[in-house]
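Peer 1: Listed here are the chains, written in short residue letters.
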Amino acid sequence: DAMVIQNPRYQVTQFGKPVTLSCSQTLNHNVMYWYQQKSSQAPKLLFHYYDKDFNNEADTPDNFQSRRPNTSFCFLDIRSPGLGDAAMYLCATSPSQGAQETQYFGPGTRLLVL
Amino acid sequence: AQKITQTQPGMFVQEKEAVTLDCTYDTSDPSYGLFWYKQPSSGEMIFLIYQGSYDQQNATEGRYSLNFQKARKSANLVISASQLGDSAMYFCAMREKAGNMLTFGGGTRLMVKP
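Chains A and R supply the protein sequences, listed in that same order.
First residue of the first sequence? That's 68 in the numbering used here, and the numbers climb one at a time after it.
First residue of the second sequence? That's 3 in the numbering used here, and the numbers climb one at a time after it.
Calculated directly from the structure, the hints in this document are not laboratory data.
What you were told as hints is all true, and nothing was included just to trick you.
Covered by chain A, per the in silico footprint, the following chain R stretches (three or more residues, Cβ under 8 Å):
1. 25-35
2. 40-53
3. 104-115
Pairwise CB distance ranges (calculated):
4. A:K111 - R:V80: 25 to 31 Å
5. A:S107 - R:Q85: 21 to 27 Å
6. R:F14 - A:D144: 39 to 45 Å
7. A:Q81 - R:A83: 44 to 50 Å
8. R:R65 - A:A153: 31 to 37 Å
9. R:Q58 - A:A153: 42 to 48 Å
10. A:K111 - R:S43: 17 to 23 Å
By construction, the Cβ of each residue, glycine as well, lies at the ideal position given by its N, Cα and C atoms.
All chains, please: the whole structure from these sequences, using the hints.
Peer 2: And the structure:
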């Protein structure tokens, strides 16, 4: 089945130690998104790629970076995780950027910062 | 101003009964899409149903239907014959033609009682 895959499902890192979260998709969608979701809150968009074009949300901290080496994969790099970065990180894809396009989410990676 | 408002932080429903989750939205864009997602405790955001701003009929998907009242700017989700597995967080979201972002409401936690 076509899907959005995130690895790992749970990630534990230490304060200040760089960490990378992975997302892959078999949907062949042009757009990939990274969201951060803290407890009892709605997801917050960090950035997205339309093909290779990177779009950063204005309030996304510089600590967060992303890479999309090809259509299928997208990575979220947190250069120096702080305690406040502990959250669920959700990857999503959509075929394009139209208002009618559904975003399909992966299962998420829960990040714990010690 | 909030673009998506979900006024019910939490709701209970008896198993096998129907329940309506409220969602109101605010946009001046004539072209937009409205989405409902379910998020169980596992964290995955599961797409449930979509309604386009130009759609004449209310969307339905199995036990889910969307009560779309365009003039009132509301897009309530109706779940018929509730099941225990419906217990989850439910998010209403909107995507406007003018932008790429999916804007989420604050969510409603639904609890189905046996």
